[in-house]
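Engineer: Protein chains in written order, with the numbering used here: chain A, 1 to 368; chain B, 1 to 287; chain C, 1 to 282.
Please keep in mind that the hints were generated in silico from the structure rather than gathered at the bench.
Careful, some of the hints might be misleading.
[Said to hold, decoys possible] 20 Å max Cα-Cα, derived SDA-like pairs, lysine to any residue:
| hint | chain 1 | residue 1 | chain 2 | residue 2 |
| --- | --- | --- | --- | --- |
| 1 | B | K4 | C | G195 |
| 2 | A | K135 | B | H202 |
| 3 | B | K94 | C | M11 |
| 4 | A | K79 | B | G191 |
| 5 | B | K4 | C | M11 |
| 6 | B | K4 | C | L199 |
| 7 | B | K94 | C | R281 |
| 8 | A | K347 | A | G329 |
| 9 | A | K112 | A | E99 |
| 10 | A | K135 | A | I115 |
| 11 | B | K4 | C | T96 |
| 12 | A | K79 | A | Q108 |
| 13 | B | K4 | C | E188 |
| 14 | A | K135 | B | G276 |
| 15 | B | K4 | C | L192 |
| 16 | B | K91 | B | D177 |
| 17 | B | K94 | A | F18 |
| 18 | B | K91 | C | P212 |
| 19 | B | K94 | C | V19 |
| 20 | A | K79 | A | N127 |
| 21 | B | K4 | C | A190 |
| 22 | A | K182 | A | N127 |
| 23 | B | K91 | A | H88 |
| 24 | C | K182 | B | T63 |
| 25 | B | K4 | C | S186 |
| 26 | B | K91 | C | P6 |
| 27 | A | K182 | A | G141 |
| 28 | C | K251 | B | E145 |
| 29 | A | K135 | B | M204 |
| 30 | B | K4 | C | L180 |
| 31 | B | K94 | C | P6 |
| 32 | B | K4 | C | G197 |
| 33 | A | K68 | A | E10 |
| 34 | C | K182 | C | P212 |
| 35 | B | K231 | C | F247 |
| 36 | B | K4 | B | P14 |
| 37 | C | K251 | B | E126 |
[What the hints assert, rightly or not] Just the calculated beta-carbon pair ranges, DEER-fashion:
| hint | chain 1 | residue 1 | chain 2 | residue 2 | range |
| --- | --- | --- | --- | --- | --- |
| 38 | B | R196 | A | E114 | 17 to 25 Å |
| 39 | A | P93 | B | L25 | 54 to 62 Å |
| 40 | A | A111 | C | P6 | 24 to 32 Å |
Glycine is no exception: its CB is placed at the ideal position from the N, C-alpha and C atoms.
Letter by letter, the chains look like this.
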Amino acid sequence: MTADLTSDLECRALTRHFGDVVAVQGVDFSVAAGSFFSILGPSGCGKTTIMRMIAGFLEPTSGDIRIKGRSVLGVPPNKRPVNMVFQHLALFPMMNVAENIGYGLRRQGVAKAEIIRRTGEVLERINLPGIGTRKVSELSGGQRQRVAIARCMVLQPDVLLLDEPLGALDLKLREKMKVELKALQAEFDTTFVYITHDQGEALVMSDAVAVMNAGRFEQVGAARDLYYRPETAFVAGFVGEANRWRGRVEAVDGTLAEVRSESGLLIRTQGQNLRPGDRVEIFVRPEAIAINLDAKTAAASPNQMAVQVSALLFNGANSRVLVRDPQSGAEIDVALPQSAEFSNLAKGAQVHISWGREQALCFADATL
Amino acid sequence: MSSKRLGFFLLLAPLVLWLGLLIILPHIDMAIVSLRTRVAPREYAPSLDNYAAFVTEPLYLFTFLRTAVMSILVTVITLIIAFPISYYIAKIAKGRSQAALFLMCLVPFWVSELVRTFGWIILLRETGVISGFLQWLGLADQPVEMLYNDAAMMLGLVYTSMLFMVVPLTTTLESLDDAVIEAGYDLGGTGPSVLREIVIPHAMPGIVSGCIVVFMLSLGNYLTPTMLGGKDSLWFTQLIYSQFIVRFNWELGAAFGFCLLFASSVIVWATLRLTGQTLERTMGEGS
Amino acid sequence: MIPSIPRSRAMRVAYGAYVTAFFMWLALPLITVSVFAFNDSLFPSLPWEGFTWGWFFGDARPQIGLFHERRILASIGTSAFIATVVSALAVTVGTTNAFLFNRYSFRGRGFLYVLMLLPLVVPGIVLGISILVFSSRVAGVVQDVTGLYTEVLRPGLPLVIAGQFSFITTIATLVISARLIKFDRSLEEAALNLGAGPLTAIRTVTIPYLLPALVGAFVVSFLMSFENFNTTLMLVGSDAPLTITMFDRLKEGSTPVLNAVSLLLMLGSAVLALLMIAVQRR
Numbered sequence: 001m002t003a004d005l006t007s008d009l010e011c012r013a014l015t016r017h018f019g020d021v022v023a024v025q026g027v028d029f030s031v032a033a034g035s036f037f038s039i040l041g042p043s044g045c046g047k048t049t050i051m052r053m054i055a056g057f058l059e060p061t062s063g064d065i066r067i068k069g070r071s072v073l074g075v076p077p078n079k080r081p082v083n084m085v086f087q088h089l090a091l092f093p094m095m096n097v098a099e100n101i102g103y104g105l106r107r108q109g110v111a112k113a114e115i116i117r118r119t120g121e122v123l124e125r126i127n128l129p130g131i132g133t134r135k136v137s138e139l140s141g142g143q144r145q146r147v148a149i150a151r152c153m154v155l156q157p158d159v160l161l162l163d164e165p166l167g168a169l170d171l172k173l174r175e176k177m178k179v180e181l182k183a184l185q186a187e188f189d190t191t192f193v194y195i196t197h198d199q200g201e202a203l204v205m206s207d208a209v210a211v212m213n214a215g216r217f218e219q220v221g222a223a224r225d226l227y228y229r230p231e232t233a234f235v236a237g238f239v240g241e242a243n244r245w246r247g248r249v250e251a252v253d254g255t256l257a258e259v260r261s262e263s264g265l266l267i268r269t270q271g272q273n274l275r276p277g278d279r280v281e282i283f284v285r286p287e288a289i290a291i292n293l294d295a296k297t298a299a300a301s302p303n304q305m306a307v308q309v310s311a312l313l314f315n316g317a318n319s320r321v322l323v324r325d326p327q328s329g330a331e332i333d334v335a336l337p338q339s340a341e342f343s344n345l346a347k348g349a350q351v352h353i354s355w356g357r358e359q360a361l362c363f364a365d366a367t368l
Numbered sequence: 001m002s003s004k005r006l007g008f009f010l011l012l013a014p015l016v017l018w019l020g021l022l023i024i025l026p027h028i029d030m031a032i033v034s035l036r037t038r039v040a041p042r043e044y045a046p047s048l049d050n051y052a053a054f055v056t057e058p059l060y061l062f063t064f065l066r067t068a069v070m071s072i073l074v075t076v077i078t079l080i081i082a083f084p085i086s087y088y089i090a091k092i093a094k095g096r097s098q099a100a101l102f103l104m105c106l107v108p109f110w111v112s113e114l115v116r117t118f119g120w121i122i123l124l125r126e127t128g129v130i131s132g133f134l135q136w137l138g139l140a141d142q143p144v145e146m147l148y149n150d151a152a153m154m155l156g157l158v159y160t161s162m163l164f165m166v167v168p169l170t171t172t173l174e175s176l177d178d179a180v181i182e183a184g185y186d187l188g189g190t191g192p193s194v195l196r197e198i199v200i201p202h203a204m205p206g207i208v209s210g211c212i213v214v215f216m217l218s219l220g221n222y223l224t225p226t227m228l229g230g231k232d233s234l235w236f237t238q239l240i241y242s243q244f245i246v247r248f249n250w251e252l253g254a255a256f257g258f259c260l261l262f263a264s265s266v267i268v269w270a271t272l273r274l275t276g277q278t279l280e281r282t283m284g285e286g287s
Numbered sequence: 001m002i003p004s005i006p007r008s009r010a011m012r013v014a015y016g017a018y019v020t021a022f023f024m025w026l027a028l029p030l031i032t033v034s035v036f037a038f039n040d041s042l043f044p045s046l047p048w049e050g051f052t053w054g055w056f057f058g059d060a061r062p063q064i065g066l067f068h069e070r071r072i073l074a075s076i077g078t079s080a081f082i083a084t085v086v087s088a089l090a091v092t093v094g095t096t097n098a099f100l101f102n103r104y105s106f107r108g109r110g111f112l113y114v115l116m117l118l119p120l121v122v123p124g125i126v127l128g129i130s131i132l133v134f135s136s137r138v139a140g141v142v143q144d145v146t147g148l149y150t151e152v153l154r155p156g157l158p159l160v161i162a163g164q165f166s167f168i169t170t171i172a173t174l175v176i177s178a179r180l181i182k183f184d185r186s187l188e189e190a191a192l193n194l195g196a197g198p199l200t201a202i203r204t205v206t207i208p209y210l211l212p213a214l215v216g217a218f219v220v221s222f223l224m225s226f227e228n229f230n231t232t233l234m235l236v237g238s239d240a241p242l243t244i245t246m247f248d249r250l251k252e253g254s255t256p257v258l259n260a261v262s263l264l265l266m267l268g269s270a271v272l273a274l275l276m277i278a279v280q281r282r
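Next up, chain A with everything else stripped away, as it sits in the complex (with noise of 0.2 Å):
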C-alpha cells in the first residue's frame, strides 16, 4: 500500500464502539497537507469521538489512524505529533500566558532561552506581543482563542485539531474569529481539523468539509459542493437552509419526475432512478426560488405558482417573505430579493413564485 504523500492525516474504517453503542463507524477520509479540514455534525453524531481518537485519548475499536503516513495506533497522546484546542481551551490557569504556552516546550527540554524567544516569536505570530506575563483569566475571549493556538502552534505540531473552539463565545466574536482563524491558519500553514456543529464556521473556513451523522460521513467536499450538489437528504437538509417536503413519486419519463408532496403541492424535479410510487425527500433552497409580482415572467418555469405573503421576516440582507399556496395550504419560504420592487411588499400581498426542475433536490426518503 502506498502511503499518500501528500496528506497530513488519514483514516481508514474507523471505528469505535462504547459497548453496544456505535459512536464511528467505518469512517475514512484524508486530509491533505496544510489544508483546512471540518468535520461537520448536530451533537452526538461521533464527532468528538474522532477527534479525540485522533488526540490518542480513545483508542479505536478498528481501524487505522496515519499522520505523515505512519500509524499512530497505541502511541499515547503524548508522543502523537498533533496537539488539540480544547472546546473550553483547556488553558492551565495555574500558570500566565508565557508558562502556558512554553509548556510544550519544557516537556521537550527546549533550553530555557530558546523558550523564551519561541514564546515570544509566536506571540508577534498571533498578534499579541507582550502579553507574556498576563494571568490567562485577565484575557478576553478572543485573546484566550488565540493563546490557546499558540500553544499548540509553539510545538509545530503536524496536525492541529480544534474541537469547538468557537462555541463559548459570543456570536460578534465569533464572525470575527472565523476570519482570524483562517488567517492563523494561512501564517502558520498548518494543517488545520476542525470540528463543529455550526455549518457557518465550517464553510467559511473549510478547504474540505466532512458532513457526519450517526457515526458516518454522508459527504466529504468543498463548501460549494456540499451547498450545491448534496449527496443525501441529510447533507441536503443540514447544510444550508431549505424547504423540504415529503411526498410520492406520481410520474417518471426518464430524469424528469413529478412529485405530490403530503399536503398535494405538485413539485416537478430531477433525479436518477426515480420510480412511479416511491416516497421521497424535496429540498428546495429558498434563494432559488424566484420571487415576481406578475405572473408574466414566472410562467416560463416548470413549478411555478400563485401565492399570498403569509408573514415578512425582516432580517437585512437575510430577509425573507413565509408564503401560502392557496391550494395546498403548504407554506413556502423564499429569500426576499433587495431591490426597490419588493419594498413595499406587505403581509396578504399576492405574488408569483417559480423554481427550476434541477433547483428542487430529490432524494429517496431515509426516514421510513
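Chains B and C: place on chain A using the hints.
Structural biologist: Same frame as chain A, now just chains B and C:
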C-alpha cells in the same frame, strides 16, 4: 434607626457575643493568668516565670518540639497516603462508584475518635488480633506487643486525620477540568510532569487546607497519644492536662496553652505564606 | 492518569490494589470493634469464646449488657442532651452569621470573618482551658461582689456546652454560608414584588431553600458534639458525657460492653448520616 441598620445589629450581636465571650475574652484572660505567678495563697504577682520554666525545663521544651515535629510528620504522611486516594475518587472513579467511595471515606469519621482508637487497641495489643494472627501464621512464637509506642500513636493520628485531608483534596481535584489534564498530555507532558505542573498547583488550596487542619488536630490531640502512645511518647497536651487537672497549676498550664497556640499559629501562618494562600480562601469562602 | 490517558496494566492494577488496601485499612478498626461486641468473653480480645448478645442485653454479673449499665445509659443521655443544645445554638448563631456575612458589607467584615474562622485553628484543649480559666475568674468576681456561688460557671454541663458551642458554631456557619452564597437573591426580590414583607420573604423563600444546609449543619454539629473529647475533657463536671465515661472505663481495662456501645454509636451515626443525605438529596 432604619430597619436595615437594626437588622444588621441584630445579626451582628450573636457573632460578637459568641466571639467575645467564648473566644477573645477567655484567651485574654488565659494570657493574663499565664503572666502571673502565685506568691502566697490567693495572691499573685505579674511575672514571666511560667514562660521561663517552659524554656529552661528540658522536659517541657523537648516534649513541645517533639509534639510539633511529630505532628508535621503525621501531616506529611497523611497527605502522601490521601493524595492518590483523593485523585482516584475525583478523577478516575465515575458516577455511582465515585459517590460510594467518597461516602466510604466519610463513614469512619461519623464515629467517635474514641471508638476508632479503641479499635486500634484491640488490633495492636499483646492479646490483640494482629498478634494472634501473626502467631497463627507462625510468624511469631509468642504474643507481640505493638501498642504503646510512637509508631502506634502515629498510626492512630494518621487514621484519625485522614478524613480532613481526603475531603478538601477530593473537592479541589474534582474542580480540575479533565480537559486541562488532557491538554497537559497533548502538549507532550508525562505523568510526573502533569502531576507537578498542573495537578498539584491546582490542588494547592486543598492541600494547604487539609494540611492545616490535620496539623492542628494532631497537635491538639490528647486522646490518641494517651491511649496508643507509650510512656516515652509524651504529647504536649498531656502536660497541659496534668498542670490543669492533676497539679492544679493553672498559671503554668495557661502558659503551656499559649505556647501550643503560638506554635500552631506560626506554622499555620507560615504554611499560608509559603503557599500564597489565605485563611479565608482555604477554610471559608473559597472552598 | 485519567481514564482517557492510556496507562500500563501493571500501573492500573497497582493503583487499584492501593485503593483497595486503603479502604480495608479504613474499615479494619471499626469491623474489629463491632465483631468483638459479640465475643462471649470478659475481654474484647482473642481467643473467640463464642457468639453472645450478652454485652447488649445481659443483666447479671459478670455480663452486664449495655442496656442494663446505668452509668453508660446515663452518659448517653447526657451526651444527647449536650449535643441537642449545642446543635440548636450553633445552627441558630450559624444562620445569623451566614446572613451577616452574606448580606452586609461593612467595615471590619474581613477581620470579623477571619476571627470567625479562628476557633477552627485553636487546638480544642486550649479552647477548653481558656474557657475554664475565664469562667472561674468570672465566678470568682461574682462571688467576691455578691457572695453568691455560681454553679453555672463551674465545670459541668453549661461549660461543656459553651466549650463545644465555641468551635462548632464556626462549622455550622461555614455549612450554611456555602448554601446561602448560591442563593439567587432575585428569588427574594420576586417574593417582595409579589407582596411579601422582607421577613416573610426570608421565611417563605430563603429559609426553605436553606433547609438542607440547616439540617446538614445540625447533624454535623450533633455528631461533632457527641464525639468531642478534647474540649469536653477540660470542662467536664460530675455529669460525664459518653466519650468521657468510655475513656475512664478504657483506662480501667475494658470489657466488650464498650464494643457494644461503640457498635451502637456507629449505627446511630450511620442513621444520622443517611438522614442528612436523604434531606440534601431532596
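Engineer: Name the hints, by number, that the structure is in violation of.
Structural biologist: 5, 18, 20, 24, 39
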